[in-house]
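Using my numbering, read the sequence shown as starting at 1 and increasing by one per residue.
Calculated directly from the structure, the hints in this document are not laboratory data. Every residue gets a Cβ at the ideal spot worked out from N, C-alpha and C, and that includes glycine. Heads up, a few of these hints could be off.
Cut-off 20 Å, straight-line C-alpha distance, at most; resulting in silico cross-link-like pairs (SDA-like, lysine to any residue) [unchecked claim]:
(1) Lys83 x Pro66
(2) Lys118 x Ala16
(3) Lys4 x Ser108
(4) Lys126 x Pro112
(5) Lys118 x Ile51
(6) Lys126 x Lys83
(7) Lys118 x Lys4
(8) Lys24 x Trp87
Ranges between beta-carbon positions, derived for each pair [what the hints assert, rightly or not]:
(9) Gln107 x Ser19: 37 to 47 Å
(10) Asn94 x Asp27: 32 to 42 Å
(11) Ser30 x Ser106: 21 to 31 Å
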Amino acid sequence: MSPKNALDHLILFLPADPSTNLPKIPDFISNNFTLTPGGTHADGLTSNTLILLRDGCYIELISFAPSAPSESIASHWWSYFEKHPGWADWCLTNSLTPEANHALVSQSHQEPRHGGRKRADGVDVKWAVTFPRGEHGGQAS
């Protein structure tokens, strides 16, 4: 039996704020939502700020770091959004390990990619994602 999938988060790509190395948050977002510090991802290419929702889901406001090498951005699965900010992706979660989850979707999805970041309080957050097979993780560009 397949596990029950639930929405984990939505991803909104924004331009970077060179003065903070984080996404440049539009006033309409900062004036209407409580923002939670995210941080820089382990690969050093992206950073985020979060909007936490009551049910445990969140909206990830993300951007490429201004210092990220252009060749690394060009090969990133979200490279399109560097020049085209907007809704970029969504993530589901379930109770399975990344390997067990991949075994169920291996015909249509790539191997799990591990990622992480350090939260503002020093806690390391780790995850793994599986993208659909195809160029740019199955996303059209």
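For each hint, the structure was consulted:
{"no.": "1", "hint": "Lys83 x Pro66", "result": "holds (13 Å)"}
{"no.": "2", "hint": "Lys118 x Ala16", "result": "holds (19 Å)"}
{"no.": "3", "hint": "Lys4 x Ser108", "result": "holds (18 Å)"}
{"no.": "4", "hint": "Lys126 x Pro112", "result": "holds (12 Å)"}
{"no.": "5", "hint": "Lys118 x Ile51", "result": "holds (17 Å)"}
{"no.": "6", "hint": "Lys126 x Lys83", "result": "violated (28 Å)"}
{"no.": "7", "hint": "Lys118 x Lys4", "result": "violated (28 Å)"}
{"no.": "8", "hint": "Lys24 x Trp87", "result": "holds (15 Å)"}
{"no.": "9", "hint": "Gln107 x Ser19: 37 to 47 Å", "result": "holds (46 Å)"}
{"no.": "10", "hint": "Asn94 x Asp27: 32 to 42 Å", "result": "holds (36 Å)"}
{"no.": "11", "hint": "Ser30 x Ser106: 21 to 31 Å", "result": "violated (41 Å)"}
When held up to the earlier numbered hints, the structure conflicts with 6, 7, 11 and fits the remainder.
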